[in-house]
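Peer 1: Each chain is listed here by its residues.
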Amino acid sequence: MIPVLACTLALLAPQQDSSFSLTVERLHVGDGTVLENATVTIQDGRITAVVAGGESDGEAAPSGAELTPGLVDAFSFMGIGNATLEQSRETTASLRVADTADLDDAAFRHAVEAGVTSAYLSPDSLNVFGGIGAFVKTSGGAPADLFADAGAAARMVEPVASLKIVLGSDPSRGNFTPRGRFTTSFNQRRPNTRMGTVWVVRRDFYRAMDYRARKEAGEALYDRDLEVLVAALEGRIPVRFQARRSHDLQTALRLRDEFDLPNVLLEEATEGHLAAEVVAAAGVPVVCGPAYDAVARAVASGPSLAELRLLVDPPPVCCEDLHEEFGGEPVGEAHDHDGDLNPVALDLLLTLAPRYGAASGVAPGRRTEGRNATPALAQLLAGAGVDFALGGAEAHDDALSEASLIHQARTAVRWGLPAEQVLPLVTSRAAELCGRGDSVGRIEAGYDADLVLWSGPPLDSASRPLLVIVDGRVVLDNRIDS
Amino acid sequence: MRTLAFLLPLLVAAPAFAQDGSVAVRAGTVMLPDGSTLENGTVVVQGGRITAVGGADLEIPFDVVLHEFPEGVVFAGFHEAHTSDGLDRANESVPIAPFLHVRDSIDPVSFYFEDELRNGTVAIGIIPGNDTVLGGSGVVVAPYGMTVEQMTVHAPMGQKLAIGPQRGWSRASQLAELREAVAKLHADLRVLGQAKLDGDAADEDQRRIAGEDATDEEDHDQPVVRFGDDFPGKDALRAADLDDAQLGLVRVLNGDERLWVWAPTATDVQHARLWLDEHGLTGNSVLVVTAAAWKAADVIAEMDCPVALIGGLWDVERDPVTRKEERHFAPLAFHEAGVIFSVGSEKGRMGPDRLGYQTAVMIREGVPRAAALAAVTAVPAMLWGADGKLGVLEEGADGTFVVLDGDPLAAESRVLHVWLRGEHAYDRSQDERLQRLLEGENE
Numbered sequence: 001m002i003p004v005l006a007c008t009l010a011l012l013a014p015q016q017d018s019s020f021s022l023t024v025e026r027l028h029v030g031d032g033t034v035l036e037n038a039t040v041t042i043q044d045g046r047i048t049a050v051v052a053g054g055e056s057d058g059e060a061a062p063s064g065a066e067l068t069p070g071l072v073d074a075f076s077f078m079g080i081g082n083a084t085l086e087q088s089r090e091t092t093a094s095l096r097v098a099d100t101a102d103l104d105d106a107a108f109r110h111a112v113e114a115g116v117t118s119a120y121l122s123p124d125s126l127n128v129f130g131g132i133g134a135f136v137k138t139s140g141g142a143p144a145d146l147f148a149d150a151g152a153a154a155r156m157v158e159p160v161a162s163l164k165i166v167l168g169s170d171p172s173r174g175n176f177t178p179r180g181r182f183t184t185s186f187n188q189r190r191p192n193t194r195m196g197t198v199w200v201v202r203r204d205f206y207r208a209m210d211y212r213a214r215k216e217a218g219e220a221l222y223d224r225d226l227e228v229l230v231a232a233l234e235g236r237i238p239v240r241f242q243a244r245r246s247h248d249l250q251t252a253l254r255l256r257d258e259f260d261l262p263n264v265l266l267e268e269a270t271e272g273h274l275a276a277e278v279v280a281a282a283g284v285p286v287v288c289g290p291a292y293d294a295v296a297r298a299v300a301s302g303p304s305l306a307e308l309r310l311l312v313d314p315p316p317v318c319c320e321d322l323h324e325e326f327g328g329e330p331v332g333e334a335h336d337h338d339g340d341l342n343p344v345a346l347d348l349l350l351t352l353a354p355r356y357g358a359a360s361g362v363a364p365g366r367r368t369e370g371r372n373a374t375p376a377l378a379q380l381l382a383g384a385g386v387d388f389a390l391g392g393a394e395a396h397d398d399a400l401s402e403a404s405l406i407h408q409a410r411t412a413v414r415w416g417l418p419a420e421q422v423l424p425l426v427t428s429r430a431a432e433l434c435g436r437g438d439s440v441g442r443i444e445a446g447y448d449a450d451l452v453l454w455s456g457p458p459l460d461s462a463s464r465p466l467l468v469i470v471d472g473r474v475v476l477d478n479r480i481d482s
Numbered sequence: 001m002r003t004l005a006f007l008l009p010l011l012v013a014a015p016a017f018a019q020d021g022s023v024a025v026r027a028g029t030v031m032l033p034d035g036s037t038l039e040n041g042t043v044v045v046q047g048g049r050i051t052a053v054g055g056a057d058l059e060i061p062f063d064v065v066l067h068e069f070p071e072g073v074v075f076a077g078f079h080e081a082h083t084s085d086g087l088d089r090a091n092e093s094v095p096i097a098p099f100l101h102v103r104d105s106i107d108p109v110s111f112y113f114e115d116e117l118r119n120g121t122v123a124i125g126i127i128p129g130n131d132t133v134l135g136g137s138g139v140v141v142a143p144y145g146m147t148v149e150q151m152t153v154h155a156p157m158g159q160k161l162a163i164g165p166q167r168g169w170s171r172a173s174q175l176a177e178l179r180e181a182v183a184k185l186h187a188d189l190r191v192l193g194q195a196k197l198d199g200d201a202a203d204e205d206q207r208r209i210a211g212e213d214a215t216d217e218e219d220h221d222q223p224v225v226r227f228g229d230d231f232p233g234k235d236a237l238r239a240a241d242l243d244d245a246q247l248g249l250v251r252v253l254n255g256d257e258r259l260w261v262w263a264p265t266a267t268d269v270q271h272a273r274l275w276l277d278e279h280g281l282t283g284n285s286v287l288v289v290t291a292a293a294w295k296a297a298d299v300i301a302e303m304d305c306p307v308a309l310i311g312g313l314w315d316v317e318r319d320p321v322t323r324k325e326e327r328h329f330a331p332l333a334f335h336e337a338g339v340i341f342s343v344g345s346e347k348g349r350m351g352p353d354r355l356g357y358q359t360a361v362m363i364r365e366g367v368p369r370a371a372a373l374a375a376v377t378a379v380p381a382m383l384w385g386a387d388g389k390l391g392v393l394e395e396g397a398d399g400t401f402v403v404l405d406g407d408p409l410a411a412e413s414r415v416l417h418v419w420l421r422g423e424h425a426y427d428r429s430q431d432e433r434l435q436r437l438l439e440g441e442n443e
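Chains as they are written, first to last, in the numbering used here: chain A, 1 to 482; chain B, 1 to 443.
Misleading hints may appear alongside valid ones.
Where chain A lies over chain B, by a calculated footprint (3+ residues, C-beta under 8 Å) [to be verified]: (1) 237-247; (2) 342-351; (3) 360-372; (4) 407-413.
To be clear, the hints were calculated from the coordinates, so they are not data collected in a lab. Here a beta-carbon is modelled for each residue, glycine too, at the ideal position from N, C-alpha and C.
My request is simple: use the sequences and hints to build the entire structure.
Peer 2: Here's what the structure looks like:
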């Protein structure tokens, strides 16, 4: 009934030429401006011209349809599977998401269906120095999957996009001294506390400074992690601090000043509204994580209770694979037989259930650090003058998720941010914060031809993508359906 | 942000909202039951019921206070057909529990009801959950009031019957339990009937021995068992002769109570069809399904049984070899098959937790606007047996409606006021908790 990916390309010959034009009633440039009756011309994967109000010579889009730049997900975990977390050390600055991301992952297809054409892929959050994130196009790559359509995989654009540093409780989650051992035992993983996490950040940046000095003196042996930290100190690679609580945000700003880090972003900022004035005064941009609901307990992209129940007590006729995910443990025992979930079992599941947040550290952290979250975050940040973009986080991992990036934008509208301010947060500003502001996120001559034609106003819940174009290539076409 | 300033002079000028169940509202747009709209429409409510719906020139009775919202939209409000939210726990751990009633579990001061009112939901069908065989009775409430009695807008709602297996049970065990319950009832009724006949005969003998005449007392109670084959003593059995579980099951098999039949998948729909046909209960049943039941849309249409769709709106299947996903939008499948369906919200996911969003998504995926709106207004009312009373803005219906500052399906529209049976139940400007959320003070 609903074709998931375009299988009607033969009917769309004009769009498959190296050059074509499309005329729409409303064209959102991506910076907040709207052009009426505009024609966009594409050649060899790039936008060559955008003309408003003139004579139309392009193929006419359906009446009422509106064109936006392809959405840019400035913070996501797409393609980051189960085994991406290197647990042997708390500092894994040199590990690259680009080396582990599965570009055939279904999340990229879900993203295309939701109008997302490029994305920043973040490392997991359980290490203090999490590694190096990547920037991809959600389509156009060569799939390794035997059964995938040509060009259906994501395409790596920038394997070294930014360094992730995690503050807050994620890196110390689950690290505790085993019974009967001293706290100094080597037989445990550090850090154990929030302050220990920051100590690791300080320790390693001081090591990096020392390394740089010794290297300049020709005395240092090559250290791959410290090389990355030196690049961060010199601003050659941006640093993204994951910080949810307001005091973690302030810690990030303190670290930035202490080490004079020239290129810093804040990630998630769940309590950004409680530190908004400080963040705005510091002029540090923010990439928000997923929106939280009105009771500030569930994350938009989290599993539903029904899904968790399925995990706790799967029906006997299916879901053996879920048992296997837990190493064959009898997860059914966790059920307390009272009709409700045992809270201990629930916590365990949230910790163990990586399929619900590709990054295994994310889901429980959001629970404990999201107590002061508000769905009105975007409106409050904007009101305080914070420079920010919206990210989808795990939004596109689940085929059933209603938390896609455009949904986050719609949530921002629902909770008070004017619509004209919202679209740049998922297009041009998102691209700029990912360091790709000169190639994606806008419909302008010279930019990549990443476009989404929506059936109506893009921030209306009743609108959906009719056409998704990545690098000038039609990757989704729902026009026949409608 | 859309300013509400245009409303302030009107609100300030208006006298305090009267609470005698009478009110008149004139608004820029009034949404009518057939999906059309009335520009500059007026709704008049007296004694809790709508007495007139008309244009700007509609005469307002002298004792009814008029409130005007020149840029507002009056809408019948969202109706949640089937849920177990608002209960402390959805199911008792007894599989055959027809004696349970949700009114003993509803917590009127739960935040759930407050949130629903804020989102423009005006009636909620609350019924025991699906982890049961025969689960208990439900009631339709408004998300407003300090007691369940104050909240109740329609009762009885019906009884929960689960064909789909409860957690930890196989489908075979589920149906075996149901079959056993009915078979045991049949056997027990025969024993009770015979005992009643024997008892009545003994009483008659006693009277004859004592030389008393037959009493003139008439038996006002009707025979309680009206289904199935005749057996000795069937007509003699009265409600007082049965225990609660027996009585509940008898009422179900008599067809006295509407059945809300949990049949989450297409397979379960087929089993439900067989069971309901066998007992002649199809005509008084609602199928409670998930999106996975879309494959049985034609079967459901043949059954002529309305559907309450709960949970997500899409069914997703993944090819085990290629891992490719195939999605099916269940509301569209039901609409195209001619099935009458309601759609519920999906708690735990922001967006789908509101019926306005679900309706917008239905329109996005191709369901006509009138059918999509009906799925959250008139159809739930019909499933409850409250047609014409709830879910519509027409003369004779309850004076229940919502005033918004835009299309109820648009993301940026806000619920400004809610009137329930003519009583003013919600005023956004007085919603302190919402203000705290908007200001970021959530704890």
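Peer 1: Check the structure against each numbered hint from earlier and tell me which ones fail, lowest number first.
Peer 2: Hint 1 is the one this structure does not satisfy, whereas the remaining hints hold.
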